[in-house]
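Trainee: Once you have looked at the hints, place chain B on chain A.
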Amino acid sequence: MKKRVGVFVCDCGTNIASVVDTEKVAEAARKIPGVIFATTYKYMCSDPGQELIRNSIREHELEQVVIASCSPRMHEPTFRKAVEAGGINGYLFEMINIREQDSWVHRNRSQATGKAIDLVRMAVSKVLRNTPLQISSIPITKKALVIGGGIAGMQAALDIADAGYPVVLVEKEASIGGKMAQLDKTFPTMDCAA
Amino acid sequence: MVAVAQHPNIELITYAEVTAVNGYIGNFTVTIKKKAKYVDWDVCTGCGTCEEKCPTKKLKNEFDLGLGQRTAIHKLFPQAVPGKPYIDAENCLKLTKDKCGICEKICPTEAIRFNDRDEYITEEIGAIVIATGYDLFPWEKAYGEYGYGKYPDVITSLQFERLVSSGGPTGGKIKRPSDNKEPQSVAFIKCVGSRDDAKGKSYCSRACCMYTAKHAFQVKEKMPDSEAYVFYMDVRTAGKNYEEFYQRSVNAGARYIRGRVSKIYPRGDKLVLKSEDTLLGRPIEVEADLVVLATAMVPSEGAEELAKTIGFSTDKDGFYQEAHPKLQPVDTFAAGVYLAGCCQGPKDIPDTVAQASAAAVKVCGVFSKAELPTEPMVSEVNTEKCSGCGFCVPICPYKAISLEEIQERGHHGTITRKAARINSSLCQGCGACVPACRTQALNLKGYTDEQLVAEVDALCL
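Line by line, the protein sequences are chains A and B. According to the numbering used here, the residues represented by the first sequence are 1 to 194, in order. According to the numbering used here, the residues represented by the second sequence are 195 to 655, in order.
Pulled out of the complex, with its shape left as it was, chain A reads as follows (with noise of 0.2 Å):
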């Protein structure tokens, strides 16, 4: 495998960059060993921002990615699938969150700066040795189990049942209902609850 990583850091509006000198963490990007393209956008998660993206990936041959912007849960899934539309595995990408670790609890703008250049290069030398993964299957058993035989469990049964898939529904007590079958009238329109 080729060593050509493209770097891309996000301003996130002003949430990053009145922070971090996002501009200078790509200058510096641009001098670590094996990254041959690095850049910054104002928002790296929308439609241009992946965009962007993809055809980086297509103009400068890149074989690996790194994405400074913010925390993994959210935009991960995003960006693999960009990192994938734009050719090459979704794995050889590695995301590194410069908001809430770093320009959501840090003043100081050179620190912070430094923080977000020590990330990249991290992510970097991680990127390099990622492997290819690939994504493999299992089969489903299409019949559900519903435990508790309240409100809650019979709503949830009666929906799966209405799609057409089996439920089998367990209540610890001799009849379904729970406490909803104790309650007399329900707010606030006051009809009976069993």
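You may find that some hints are simply not true.
Computed Cβ-Cβ distance ranges for the label pairs, DEER-style [said to hold, decoys possible]:
1) A:Lys3 with B:Cys654: 17 to 23 Å
2) A:Val105 with B:Leu653: 15 to 21 Å
3) A:Asp118 with B:Asp391: 39 to 45 Å
4) A:Cys192 with B:Lys335: 30 to 36 Å
5) A:Glu84 with B:Leu597: 34 to 40 Å
6) B:Ala214 with A:Glu84: 35 to 41 Å
7) A:Asn55 with B:Pro629: 36 to 42 Å
8) B:Asn203 with A:Lys3: 52 to 58 Å
9) A:Ile138 with B:Lys291: 50 to 56 Å
10) A:Lys3 with B:Tyr314: 55 to 61 Å
11) B:Tyr314 with A:Glu84: 42 to 48 Å
12) B:Ser581 with A:Asp118: 36 to 42 Å
13) A:Cys192 with B:Asp234: 28 to 34 Å
FYI, nobody ran anything at the bench for these hints, they're computed from the structure. C-beta: ideal position from N, C-alpha, C; glycine also.
Mentor: Chain B alone, transformed into the frame defined by chain A:
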């Protein structure tokens, strides 16, 4: 309830518990314990003759929360689904003392089975919805100032529901438990166990403000000459048409008093509530015939064990932990296991129903695919390095590692030894096994030792 029983796609197993769950999303094997009912429900018609004739009639009716009585053989409640009776083995004369047996003699369909035993069955399951609900906070153990449960006319709101219910022990007439008199004044105390760090739980139980407004309204509706006092800390009515409902209760004559009741004690046949009206800034004393406590919701009994059986976590209060409080409110950390209702946290009926439908959609989403993609960042074993010590097996929170026999060619022919094996469908890629491995035979794909060391080197060298 009837819609559930009649649905051709729903198999209803009541008086049963889930005792074991193995496997993973799409491929769970579930063991269900069907408790002995001592009645063959395939034969029983639910005619009720046995209940009429059972001589053990004065047992505390759990469904009415002790306010009514029941027989040893009984339906849980008249509209039970399935509408069949079962025998309470602890109190049945035949099962405890080998006497009586009347139900067996008079049953027209010969459905009684005194030799019934618990039965275990297994089911192959693709996805699980947990909806184990809540119990009420045991206030009797914590609130000495309200009498530790020794005053019969201090009851919980769920007991009050049974009193106002037409199917309840009083036929829907509000009568106080001690002497069956209609109360002239009813006092409601909110936040008993909720929002009370010292004696109860720190959280708000969320439904109490509204059901207490309903109860006060019902008092004024059923007994217009009676008083309804509501002692409150705050009135929380965030919900569609909720504030209007609360105002309706106030307009009907419910008297809201802002203050915590500090003591309840008897005076004659009445109960005296001492409190402070914090809006007026002065002490207040109210005489009531009946006191209703809006007790906190807590996770149902056995919730913790079920979480351990299935393999997901609970929060600090014992409610089931959702995968993300905003973005994944019905998912758990166990793939293919979803949450609905109060097992995840206190909520009212509209929210419960909404969450149940959401959980159902999650299940349907799993089932809508022909096959499930699996996350490739899972652990892998280098069997050449693995010594077969088995240290990793109990560490895995997802039961994904097993020790299996492998065969290797050595100098003196084939040798058989043990080595760890990862079930990549069960493995969630948490990495807990990797540092436990003494021979460094385990690695997490995408986070190998080599990759992590390279990161550290980049920072430090």
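Trainee: Each of the hints needs a verdict: does it hold here or not?
Mentor: Now the hints, each set against the structure:
Look at Lys3 of chain A against Cys654 of chain B: about 21 Å separates their beta carbons, and that is inside 17 to 23 Å. The beta-carbon spacing between Val105 of chain A and Leu653 of chain B, approximately 18 Å, falls within the hinted interval of 15 to 21 Å. Asp118 of chain A and Asp391 of chain B have their C-beta atoms about 42 Å apart, which keeps the hinted 39 to 45 Å range intact. At roughly 33 Å, the beta-carbon separation of Cys192 of chain A and Lys335 of chain B lies within the given 30 to 36 Å, and the hint holds.
The beta-carbon spacing between Glu84 of chain A and Leu597 of chain B, approximately 37 Å, falls within the hinted interval of 34 to 40 Å. Checked against the hint of 35 to 41 Å, the C-beta distance between Ala214 of chain B and Glu84 of chain A comes to roughly 39 Å, which is consistent with it. Distance hint check: the CB atoms of Asn55 of chain A and Pro629 of chain B are about 41 Å apart, consistent with the given range 36 to 42 Å. At about 56 Å, the beta-carbon gap between Asn203 of chain B and Lys3 of chain A stays in the expected band of 52 to 58 Å.
The beta-carbon spacing between Ile138 of chain A and Lys291 of chain B, approximately 54 Å, falls within the hinted interval of 50 to 56 Å. At about 58 Å, the beta-carbon gap between Lys3 of chain A and Tyr314 of chain B stays in the expected band of 55 to 61 Å. In this structure, Tyr314 of chain B and Glu84 of chain A meet the distance hint of 42 to 48 Å, their C-beta atoms being roughly 46 Å apart. At about 37 Å, the CB distance of Ser581 of chain B to Asp118 of chain A agrees with the hint of 36 to 42 Å.
Judged by the Cβ atoms, the range 28 to 34 Å given for Cys192 of chain A and Asp234 of chain B holds: they are separated by roughly 32 Å.
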